[in-house]
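Just so you know, the sequences run in chain order A and B. Going by UniProt numbering, the final residue of the first sequence carries number 344, and the count climbs one at a time with no gaps. Going by UniProt numbering, the final residue of the second sequence carries number 344, and the count climbs one at a time with no gaps.
Hints in this document: simulated from the structure, not taken from any laboratory. A few of these clues could be false.
The list treats identical chains as interchangeable, and a pair is accepted whether it falls inside one copy or across any two copies.
Listed below are the simulated DSS-like cross-link pairs for lysine-lysine, each with C-alpha atoms no more than 30 Å apart in a straight line [to be verified]:
no.	residue 1	residue 2
1	K265	K15
2	K76	K233
3	K4	K51
4	K51	K233
5	K233	K71
6	K71	K51
7	K51	K3
8	K73	K15
9	K265	K40
10	K71	K4
11	K233	K95
12	K233	K265
13	K3	K71
14	K15	K76
15	K51	K268
16	K76	K95
One letter stands for each residue in the lines below.
Number of protein chains: 2
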Amino acid sequence: MTKKEIERAFIKYVKEYQDLNGVIPHVFDQPPTALEFLQKCVHPNRPALIKGAFDHWPANELWTDEYLRMKMKDQKITVAVTPNGQADAVTYDPKTDQEYFVMPHEEQMTFDSFLTHLGSSSQQQKEQGTPSSSSSPAYYISLQNGSLPLEYSDLEDDIDPDIAWCSEALGCQPDAVNFWFGDARSVTSLHKDPYENCYAVLRGEKTFILFPPSEYMCLHESTYPSAIYTPSKAGFDLTPSPGIQVPWIPVDPLRPDFARYPRFKYAKPMVITVRQGEMLYLPSLWFHHVSQAGENGVIAVNYWYDMNYQHAMFPSMGLTRRLVSEIIDGQPTLDMASDDDDDQ
Amino acid sequence: MTKKEIERAFIKYVKEYQDLNGVIPHVFDQPPTALEFLQKCVHPNRPALIKGAFDHWPANELWTDEYLRMKMKDQKITVAVTPNGQADAVTYDPKTDQEYFVMPHEEQMTFDSFLTHLGSSSQQQKEQGTPSSSSSPAYYISLQNGSLPLEYSDLEDDIDPDIAWCSEALGCQPDAVNFWFGDARSVTSLHKDPYENCYAVLRGEKTFILFPPSEYMCLHESTYPSAIYTPSKAGFDLTPSPGIQVPWIPVDPLRPDFARYPRFKYAKPMVITVRQGEMLYLPSLWFHHVSQAGENGVIAVNYWYDMNYQHAMFPSMGLTRRLVSEIIDGQPTLDMASDDDDDQ
C-alpha cells in the first residue's frame, strides 16, 4: 500500500518536471559565454546543443585515417571488442538462462589493425544490411580517465586541452578528456555519470536518447551479476566475474519492454543527434543511451568536468535510489553502485 | 514498517548533504562578479554573507528617523501589529486549546505614529528587560510584493533598483523589492520562499537561522487552521478564518520541542548574523528563522528574484513534502500550500 503511495508521489514528480521543462534542448548557434552556459545549462541542469564550439581545432582537418595511422604508428592501443557492439550492458545469456552486466573483451592492437577491423566490419554492414546482422565482432576505442593524455598524446595538440567557457563557468579544469572511435555497431546502454560532459563529434554523428535525473524511477535500475566477454572458437563466451554485482539500467529505449519495465511509460526522452562539428552539453546525472552512424566510422572527443557535489542534486539521487530501488522494488542496497561508471 | 524505511532513507540523505557541505556560509569581503555569484552561491544553492554590496547607496547616510519622517510626511502606511511580535507563526490559543497559523492585524497609520510606537516599545524594553516581557504591541513594517515602489516611492531613489551582479547572474530583474522596519520584538518563524533573496541590512542587525531544503523532513511541516489577530479591550483576540488551512513549520529553532518534533534533532542550522552594511544571499527554498536587534530599530531592504523553475529542485520539494508529510506523517495533502508565503 505505502509502496504504491511512494510510486504515485514519484509519478507526480516526474510529470511536474516534464511540465516545467519539456524535451527540447537549448541550441546555441555559437559558443555561449561562461555566464550564459552556467545560467542556461549547468545551473538548471539542462542539455544543450552547441554549434561552432571547436571550429578552430586542427583535428577537424587533420584527423583522416591516414593521419591517425601515421601519428599512432604501430603504438599498441586498447580496444573494446564485443560480438554485438554492446559493451557495459545488461545481456541475457541463453547458456545459463540469466541476465548479466557484461563488460567487453579488451584487446591490445595497433591502430592500423583497429582501422582494418573497423573497415571490414563496415564493409560487411554494407553487404549484409543492418549493423546488428553483422557476424564479425564490433571494435570500439572508448578509453576514459584521461586516456587522451595517456594513450593519445600524439593527438593532443590537434584539439584544445579544455573547453574554455566551460572551465571558466565551472571554475576548474576537466577531470578527463576521452577519445572515441567506433562505428554504427557500437551502442552504449542507458546510464549516468557524475560529470558535466562536453561532447564533441569530429566524424559521423551520434544520437543521444536522454532522460533527466528525475526520471530515475522510470528506468527500473537493478543489480546484475557481472560477466565479461571472452573470445572462443565459437566467437565469444560470457565469463561470470564471481561475487561482483553491478547496478545498471535494463531498459532499452529503442525496444522498451513495457511488460517487464512498466514505469518506463512515464519517461519522456529528449532525443538529440549531434552531427560532425557540433557539441553536446550532457548535464551531470542525466541518463543517456548513445548510438552512432558514419560512413567511415565515428570519432568523438569529450571533456568530463566534476559535478558540483555541494548541490543537493547528488545526495538526492542517492535518496531516490533508496526509495525506488530498495523500498518500492525491494532491491538489495545499491550503495555499492559506483557512480563513475564508464561513459560514452 | 515502510514508513520507518522512508524515514531512514531521508535521515541518510540529510546526513549526506551535511557531510558534503557543513554549516559555514561563504563570505565575500567585496561583492562577487555575476559569474562568481552564480558559480559559488546560486548554482550550488548555498548561502553567502556579502560585504560592501551597497556602500554606494545614499540610504546609508540619509535614512535617519528625521529623514524618513520628513520623506513619508503623514502618508498612511500599513503596519503589521501583534501582541508578541510573532506574525505568520503557529500559535497556541488557550481559549480554544488549539494551535493556529496566526496572521498579524494590519493597521493604517502615519510613519510618524509608527516611529512613536516603535520608540515607546523599545523604551519599555529598556525598562523591563527582555523584549518578550513588553506589554505593548509589536509594530512591524513588512510589506512585500514590490511594496517599495508602491508605498515607499519617496525612498526608492536612495537605494539601487536591483543588485547588479545578481540581475546579471540570473538574467532577470527582481520580482519585488521589500522594505522592513521593526525592532527586537518582531521575529519571523521558520518558512521558505521560492525566491533567490538578496537581503541588505541598513540599520541594526538580523540573525538568520537557516536550514537547507534537504532538511525539510526535520521540520515537521503540518497544516493549521488560519486565524488573525484582532484588537480588543484586553489587547488582542485570535479570530479564526473559517475553512482556511495553512501548511506551516511549527518548530521554533530557539526553543525546540524535541518531544513533539523528534526529527528536528537531525537538523544542523547555519546561523548568520547580518550586520549594518552587510548583505545575505538567502538561496531559494532554504528555511529561515529571523530575529533582529538594534538600539533604534532595524531597517532592511531585500530583493526577491524568481528561482529557476527548470531546475529539479522545485518539483523535488513537492516530492519530499508528499513523502514526508503525507506518507510518513499521514498529513492531508499539502498541495494547497502556497510556496510564496510572506518572507522576512
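Here is how each hint holds up against the structure:
Within a single copy, K265 and K15 get their C-alpha atoms as close as 12 Å, which meets the 30 Å cut-off; across copies the closest is 33 Å, which misses it. In the homo-oligomer, the alpha carbons of K76 and K233 lie at most 30 Å apart inside one protomer (24 Å), although the nearest pairing across protomers, at 93 Å, exceeds that limit. Proximity of K4 and K51 under a CA criterion of 30 Å is satisfied in neither setting, with 44 Å inside one chain copy and 50 Å between copies. Taking CA atoms no more than 30 Å apart as the test, K51 paired with K233 passes in neither setting, with 46 Å inside one copy and 72 Å between copies.
Neither within a single protomer nor between protomers do K233 and K71 lie at most 30 Å apart by alpha-carbon distance, with minima of 34 Å and 93 Å respectively. For the homomeric pair K71 and K51, the shortest alpha-carbon distance inside one copy (28 Å) is at most 30 Å, but the shortest distance between copies (55 Å) is not. For the identical chains of this complex, K51 and K3 are neighbours neither inside a copy (45 Å) nor across copies (49 Å), given an alpha-carbon limit of 30 Å. When the C-alpha separation of K73 and K15 is checked against a cutoff of 30 Å, the pair qualifies neither within a copy, at 53 Å, nor between copies, at 52 Å.
In the homo-oligomer, the alpha carbons of K265 and K40 lie at most 30 Å apart inside one protomer (28 Å), although the nearest pairing across protomers, at 37 Å, exceeds that limit. Taking identical chains as interchangeable, the C-alpha atoms of K71 and K4 are never at most 30 Å apart, the minima being 58 Å within one chain and 61 Å between chains. In this homomeric assembly, K233 and K95 come within 30 Å of each other (Cα to Cα) only inside a single copy, at 16 Å, whereas the closest approach across copies is 88 Å. Taking the shortest Cα distances, K233 and K265 never come within 30 Å of each other, neither inside one copy (41 Å) nor across copies (63 Å).
For a Cα distance limit of 30 Å, the shortest separation of K3 from K71 qualifies neither inside one copy, at 58 Å, nor across copies, at 61 Å. Taking identical chains as interchangeable, the C-alpha atoms of K15 and K76 are never at most 30 Å apart, the minima being 49 Å within one chain and 47 Å between chains. In this homomeric assembly, K51 and K268 come within 30 Å of each other (Cα to Cα) only inside a single copy, at 25 Å, whereas the closest approach across copies is 45 Å. When the C-alpha separation of K76 and K95 is checked against a cutoff of 30 Å, the pair qualifies neither within a copy, at 34 Å, nor between copies, at 85 Å.
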